[in-house]
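Participant: Sequence:
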Amino acid sequence: MTRPWRNPCRTGSKPESPKSSPPANGSNRIQSLSRTVPGYRSEAVIAFGLGIASRNSALDIIETFFPLPAVNPGEDFARELSALCGLEPGNSGYRTLDAEGLESFHAAASQAFEHEQERTAARLRDSDGPVLLCISRSQSPPTSVPEAFLKLHLLSHRLARPHEQNLDGIFSVLHNLAWTSRGPVSLQDLPGMQLQARKKGETLSVHSVDKFPKMSDYVVPSGVRLADSARIRLGAYIGEGTTVMHEGFINFNAGTEGQAMIEGRISAGVMVGENSDLGGSSSTMGTLSGGGTEIVSVGRNCLIGANAGIGMPLADGCIVEAGLYLTAGAVVRELDAEGNLVRTCKALELSGLAHRLFRRNSLTGAIECLPRKAHVALNEELHAHN
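The sequence shown: position 329 = 329 (the working numbering), numbered continuously.
In case anyone wonders, no lab produced these hints; they're calculated from the structure. None of these values were measured; they are calculated from a predicted model. Possibly wrong hints are sitting among the right ones.
[Claimed, not checked] In silico DSS-like links for lysine-lysine, alpha-carbon gap of 30 angstroms or less:
#: 1; residue 1: K211; residue 2: K199
#: 2; residue 1: K373; residue 2: K346
#: 3; residue 1: K199; residue 2: K214
#: 4; residue 1: K200; residue 2: K214
#: 5; residue 1: K211; residue 2: K200
Hey, can you work out the whole structure from these sequences and the hints?
Facilitator: Okay, structure coming up:
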């Protein structure tokens, strides 16, 4: 199971619910779209959402859209949700709701003073697609398509941060789909749908064939700029003030804390600190392939130059010069402020040092690490008005 994210280099028949009065100061209110979840969470978190599902010709659920996912319902409301899903309290799962079930959810949300959820239920009454209720616990791996999509929604709605949820096995749960101009389509159904479209003089456009759709078809977080939205997967966590340019890419279970300029690739599992800049075609190594186990992160106020990359955590205020790929096992000469050799070591051993410049000596070819005093700062005008 993935671990809660911390930058390791950061220095510095359902039972009837009793009626209740509105919670004092909103202390028991669920956290929904408008709220930001704190960064570190060690306890299990309950998440839920009403969703609209897509099915294939075999009537299998292949995708689910959750307009208002939420976490941490009050105790009474959580019990009502479990009953509606036919689950024992503490279990994860989902259930398709008929009209009566949707009205029961509407009534439970009203009784719990969860008016946003109440309004969402009302809007889904005339849905053409099947409506379902899904409940997920952060420490449980997804076992169904709706639960996998709910966990991805939580990340992109900023209700969970990378590594706060158990996503083990998500690739085996999700279907490989054609993401088309008419929504998700099973690959078995695609030829027939393409033919039907052509018979009508239309074209069914296939945007991608993948297990993960683009995030912007499900949610656009506040305060971001996305030059090419197809390069950000659902499940990316994008902090307010982030700009992702055309060559930028953000995988699922990865993202940015806040203001950032992303012109490079943020691999799965990687979190980038505030006010950091990933230059054009730069790269961060993930842990999904190649047998890597080190969780890579980028601290605050960092710069990874164009065509550079890292395979190790980077502390606050560090610069990796353009063109230098700094792997964890690379041999680095650590220098002091006067340029004297302190030691020779692997790059990973330097991952806790803040305010360092990593460069390749153009005369000797050796990788060097030395202290730096200049401050990395983003262009405020580019990020303040997203």
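Participant: Are the hints correct? Go through all of them and say.
Facilitator: Hint by hint, here is what the structure shows:
1. K211 - K199: Satisfied, since the Cα-Cα distance of roughly 28 angstroms is no more than 30 angstroms.
2. K373 - K346: 23 angstroms, holds
3. K199 - K214: Status holds; Cα separation ~29 angstroms.
4. K200 - K214: 28 angstroms, holds
5. K211 - K200: Since the Cα atoms of K211 and K200 sit roughly 29 angstroms apart, the hinted pair holds (cutoff 30 angstroms).
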